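Asks: Protein chains in written order, with this note's numbering: chain A, 1 to 484; chain B, 1 to 131; chain C, 1 to 457.
Keep in mind that the hints were calculated from the coordinates and are not lab data. It should be emphasised that the depicted structure is a prediction, and the values quoted were computed from it without experimental measurement. A portion of the hints provided could be inaccurate.
Said to hold, decoys possible - Mimicking DSS-like on lysine-lysine, the simulated pairs with C-alpha atoms at most 27 Å apart in a straight line are:
#: 1; chain 1: C; residue 1: Lys287; chain 2: A; residue 2: Lys482
#: 2; chain 1: A; residue 1: Lys4; chain 2: C; residue 2: Lys352
#: 3; chain 1: A; residue 1: Lys432; chain 2: A; residue 2: Lys249
Said to hold, decoys possible - Here are the in silico distance ranges between beta carbons for each label pair:
#: 4; chain 1: C; residue 1: Asp205; chain 2: B; residue 2: Thr111; range: 31 to 37 Å
#: 5; chain 1: A; residue 1: Gln203; chain 2: B; residue 2: Thr111; range: 28 to 34 Å
#: 6; chain 1: A; residue 1: Gln450; chain 2: C; residue 2: Ala44; range: 51 to 57 Å
Unchecked claim - Which residues of chain A face chain C? A few of them, derived with a C-beta cut under 8 Å, are:
#: 7; residue: Gln104
#: 8; residue: Val120
#: 9; residue: Gln300
#: 10; residue: Val465
We treat Cβ as the ideally placed atom computed from N, Cα and C, and that holds for glycine.
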Amino acid sequence: MLEKLIFEHSAPGRSADAQFPQAPVESPVPTELRRAAPPLLPEVSELQAVRHFTRLSQLNFSIDTHFYPLGSCTMKYNPKACNQYAMLPELLGRHPLAPESTGQGLLQCMYELQEMLMEVTGMRGVSLTPMAGAQGEFAGVAMIRAYHKSRNDLARNEIIVPDAAHGTNPATATMCGCTVREIPSLPNGDIDLGALQSVVGPQTAGIMLTNPSTLGVFERRIREVAQIVHGAGGLLYYDGANLNAILGKVRPGDMSFDVIHMNLHKTFSTPHGGGGPGSGAVGVSETLLPFMPVPLVGRQGNTYRWLDEKDLPLTIGRLSSFMGNIGVLLRAYVYMRMLGRAGMQRVSEFATLNANYLMIKLREAGFELAYPERRAGHEFIVTLRHEAREYGTNAMDFAKRLLDYGFHAPTTYFPLLVPECLLIEPTETEAKEDLDAFVAAMIAIRQEAQSEPEKLKGAPWTLPVRRLDDVRAAKHLDLKWKAA
Amino acid sequence: MSNVPADLRYLKSHEWARLEADGTITIGISDHAQQALGDLVFVEAPEAGRRVRAGEACAVVESVKAASDIYSPVSGEVVAGNADLGGQPELVNSDPYGAGWIMRIRPEDKTQFAAMLDARAYQAALAAETH
Amino acid sequence: MPFIPHTETDIRAMLAAIGASDTEALFDEIPAEFRTRGLDGVPAALSEMEVGRLMSDLAARDTRRLNFIGAGAYEHHIPSAVWAIVSRGEFYSAYTPYQAEASQGTLQLLYEYQTMMASLTGMDISNASLYDGASGLAEACLMAVRANRKSKSQRILLPVALNPTYRSVLQAIAGNQRLAFDLVPYDPQGGQTVVAALEKYNGQDITAVVIQQPNFFGTLEDVDAVTDWAHANGALAIGAVNPTSLAVLKPPGQWGVRGADIACGDGQPLGVPLSSGGPYFGFMATKSEHVRQMPGRIIGRTLDLDGKPGFTLTLQAREQHIRRSKATSNICTNQGLLVTAATIYMSIVGPKGLAQVAATSMQRTQQLVDALARVPGVRLAFDRPRFHEAVLLLDRPVGPVLEALASRGIVGGYDISAHYPSLGHGLLVCATETRTRADIETYACALGDVMKSAAAA
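Bound conformation, chain A alone:
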C-alpha cells in the first residue's frame, strides 16, 4: 500500500504549535519585498508528520535491515557509536566561525584524523574539506593542473582514464577544463600498457586510476604504469573508492600515487543517508603539498588552528562554505579510533575473505565470473550473459527478483565493459550465513529463470510497488505535487 503524500494529509490552519514562536509578530518586511502567498508546506500536526515519515522509512531497504552487496559502494555496518559521539551537544551546537580557542577539542579530532589518514594511505598531507568523492576527485585533478601551471607547463591538459572507470572520473576531468583520453583494459582486467605508452606525451596532465580497479582486480603492473606516466611528465591520481580492499595491506602512497581521494562514506563507514552526505578527503605526495584545498588543521605545540590561504598561498582554494562535512569527519574519526591499527588491517583481510568466498560459492553454483582466473579484491563481477541468452532474463531481472528474496541487489551494469553484470561487494561486516543465504537465493532465482522466467521479468512482486516505468518518468515529467 502506498503512502499518501504529506500534502494529502494537510488541513488548512493545522500546525504543530509547540515547535515555533507563538507571539504574533507583525511582518517587519517592506511591502514591496513581502511574500504574497504562503509557500506550499504541509499543514499537519506533529503526530501526523512523525507517523508519515516513520511509515516512509519502513518502505526502505537499508544496511540496518538487509544485506546490501552493492559493488563499489562498501555498504558495511555504520556503528551507532559514531552517530552518538559525533552528535555530542558541544560538537553539534558549535558555529564553524566561533573563535578557534573555543573549538580546540574539535580541532584536535580533525588533526588526529588527518594524521591517521596519512598513515593508512602513505601520503604526506591530507585535506578533509572535499564534501564527497566527486569533490575530492575535483580537488585532485585541480591540484594536478595547478602543479603543471606552476611550472609553466601549460600544454598539459589531457587526463587519461581507463575505459572501465567510474563516470565521475571523466566528468571531473571535464569540470577541471581538461580533455579526456580513454585507454582500454585487457581481457584479464589489467590496463593495456601498450595503449598507455602510445597515448602519453607532453599533453599528459595525469592518469586517474583505482586499484583494485572497477573490475574488482588488482592492477599488478602499477609500477610500470607509474613509470610510464611519470616518465612522460604526468602525475598519478588514485580514486579511493576501492580502498576497502587494501586498507592496512597496501598504501597508495607506496604505489607512487601523487594524489588520492578517499570516500569516507565507503571505507570509513560514515552513513550513506539515502544519498549522502559523504566526505572525499584528499591525500597528497610531497609534490602537491602546496596546492591542497583549504582549510587544513595545523598544530603549534598544544594549540590547533585552521590553516588557510595565508599559510598555503598556492592552494587551489576553498571548496565549501566552511570546512567540509565536519559531522561526517567526526564519525570517521570515531570509527578509526574503534578499529585501531589492528582493526584497520583486518578490514581488508575480511572484506577480501568474504568476497573470495562468495565468488567461489557462486562459481561452484554455475554462475559465470567475469575474471575467473583472478583473485577477488573486496568485490567481484558475475556476468549473467548466458542466462540472458538462454532464458531471456537479464541482470536487471535478477536484481529485481533478489529484492523479493530480501536482499538488496548488487550493482548492475557497472562497469560498462562487462555485459549483463552484477558487481558484488559483501564487505567485512557480513557473517558467513548471510553470504550462504545470498548464494542460495541466486541459485533459486536461476532455477526460476529456467522454469518460470515470468517470475523474474515481473519482479519485484512483494515490495510496496511493482517495477517502475522509467521511460514514462523521463517523458512525462512529474517532479512535484500540485494541488488539484
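Chain A is fixed; fit chains B and C onto it per the hints.
Replies: Then chains B and C, alone, in the frame of chain A:
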C-alpha cells in the same frame, strides 16, 4: 538485425543522411542506434538558421539509459529541426528513417555528402562493431 | 574484532572452500614490494566505552557559549522529532535509491522535498540537493553558461556584498572552466548593491547576474531592479537565497517581471544543526525550460506495472554515471540525510511556523542591534531594511573584543574587517528566534564591559 535502407548514406556514428530534391540534406539516426538507445524520452534538435560544421555535435537524443550527441555530417545552415519530436520523441524509435527525422541542413559543400558511407559500408561497420 | 563477525570455524570453512591456506594467500596478486608491514602511526583500538569517554572529554573542552554568529550558518530550534526520525536506520543506512522499488521511502520523501522547495523558491522544479550553498552557487553559474545559449562571454556579475567565501569557492570551482567574474559594488550607506552600477555593462555580453538575498551583510537587495536589468541585457538571473527568509520574502520566482531563472542557497537553516560547519546541503530550483541543464539528482513520479504510482530517479541521462565526460556535473553522492531532516522540519513547522521563525528572528536581530548600538564605541553600519543579520562598526579591532567575549561565554559575531577593510572594524551579528531578551541583555552588558576595559587600557 537492423534495417539499413540502401538509398541513404551513413556515418560510423550511426547518423543517416538523405539528399532531397531541393538540395537540402535530411539527417536522423539509424535503426541500429534507436534500438541501442531504447525508448527515447527527449530530442533536442538545432534551431533553423544555425550554422554548423561537419563533425560538430548539433543535436542530442536522450533515452532512459543514455544521452547521445548527433553529429552533422556536413557543413551548412540548419533549415529546420523536426518540431514533432518535441511531443513525440518515440517517432525516432518507430520510424527512424521517416517521421523520426531530426534535422534538415542546406550544405555548403556537396562532396561531404558523397564522402559518407553507403549502405553496404555501414552494414560492414555494424558487423565489425558487434563482432 | 570490532564489527567483524567471523569465528575461527567460519574462517577455516571459508578458506577451505576457496582453497587458500590462510587469509594472507588472498593477497598473493599484490607485489610484495607494496605490502605494508604495520600502521604504527595509528593508535591501538578503543572499545566503545573508551571512545565514548575520549569524545566526551574532547567535547568538554569546547564548552557551549551563547551564539550570535550567522554568516551563512544559522542556529534555529530543531524539533526533537526531526533527528529522531532521521537517525532511524532505514533512512540513515540506506543508499542512493538506484533500486527504486526498494527505496520508496527515500524517493517519496525527496519528491515531497522537491515540491516544498519549488514552492518556497517560487520556481517550477527543484533538484534533490547539492553539497552546500557555496558549491551550489558554482553549479548554478555553470548551469547558467549552459542554459544561456545566446551568450558566449561566460561572464558573470557578482555583488561585492555576496558572501566572501562563496566568491572564493566560485573561483576555485568555476574558474577552471573559464568563467570570468566581475564585481558590482555596494552602497556604503545602505549596504545594498548599487543597481546604477550595472549600467556600465549595458549592451555587453553578460551570461548571468548573481543576487544574494539577503546579502552577506543581512541587507535586503533591490531584487526586482537587478533581475529586470539582467533580463533586459540577455543575462540570466541567479538568486542565492536564505530558505527561512522565503517564508516572508518574495521568492526568486517572483523577482522582476519574469522571475529569476535559477534559485540556490544553503538549506542548513531548515532542521540542520550547526555541527561546527557541516554537513549542510545546497538546494537548487529552476524554470521548466532549464530542467535538463540542472545538475544533481531529480526524483519523478511514475507508474508501476500495475498502474500504481511510485517514485524513481529520473533524467539520469544528464548525470555522470551515464553521460560521463559530457555530464552536467560530476556530482554523485549528495546530501540525502540532511534533505531528509529539512523535509521533516518543514513538515512540522509548516508555512505558519516558518514565517514565525523568520519574523521572530528579524525582530530579535533588531532588538540586538538596538541594545548593542547603545554601547559606547559601537554603531550600526547600514540603514536599510535587513533580514536577521546586521553589521556593527566598532571603534577598535574586532578580534580582541571577540576573544574577550568568548572568555565570558559569548560568541559575539563574525569579524568581517579582513574581507571588507573599507568598512573599518566590521562585526556581523545575528540573533534568531533561539536568542531570548535575556540573552541579548547578557551580550549587551558583556560588550559594554569589554569595550569599557579596552578603552581604559
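Asks: Are the hints correct? Go through all of them and say.
Replies: Status of the hints after comparison with the structure:
{"no.": "1", "hint": "C/Lys287 / A/Lys482", "verdict": "holds (15 Å)"}
{"no.": "2", "hint": "A/Lys4 / C/Lys352", "verdict": "holds (22 Å)"}
{"no.": "3", "hint": "A/Lys432 / A/Lys249", "verdict": "holds (23 Å)"}
{"no.": "4", "hint": "C/Asp205 / B/Thr111: 31 to 37 Å", "verdict": "holds (36 Å)"}
{"no.": "5", "hint": "A/Gln203 / B/Thr111: 28 to 34 Å", "verdict": "holds (32 Å)"}
{"no.": "6", "hint": "A/Gln450 / C/Ala44: 51 to 57 Å", "verdict": "holds (53 Å)"}
{"no.": "7", "hint": "Gln104", "verdict": "holds (5 Å)"}
{"no.": "8", "hint": "Val120", "verdict": "holds (6 Å)"}
{"no.": "9", "hint": "Gln300", "verdict": "violated (17 Å)"}
{"no.": "10", "hint": "Val465", "verdict": "holds (4 Å)"}
Hint violations for this structure: number 9 only, all remaining hints satisfied.
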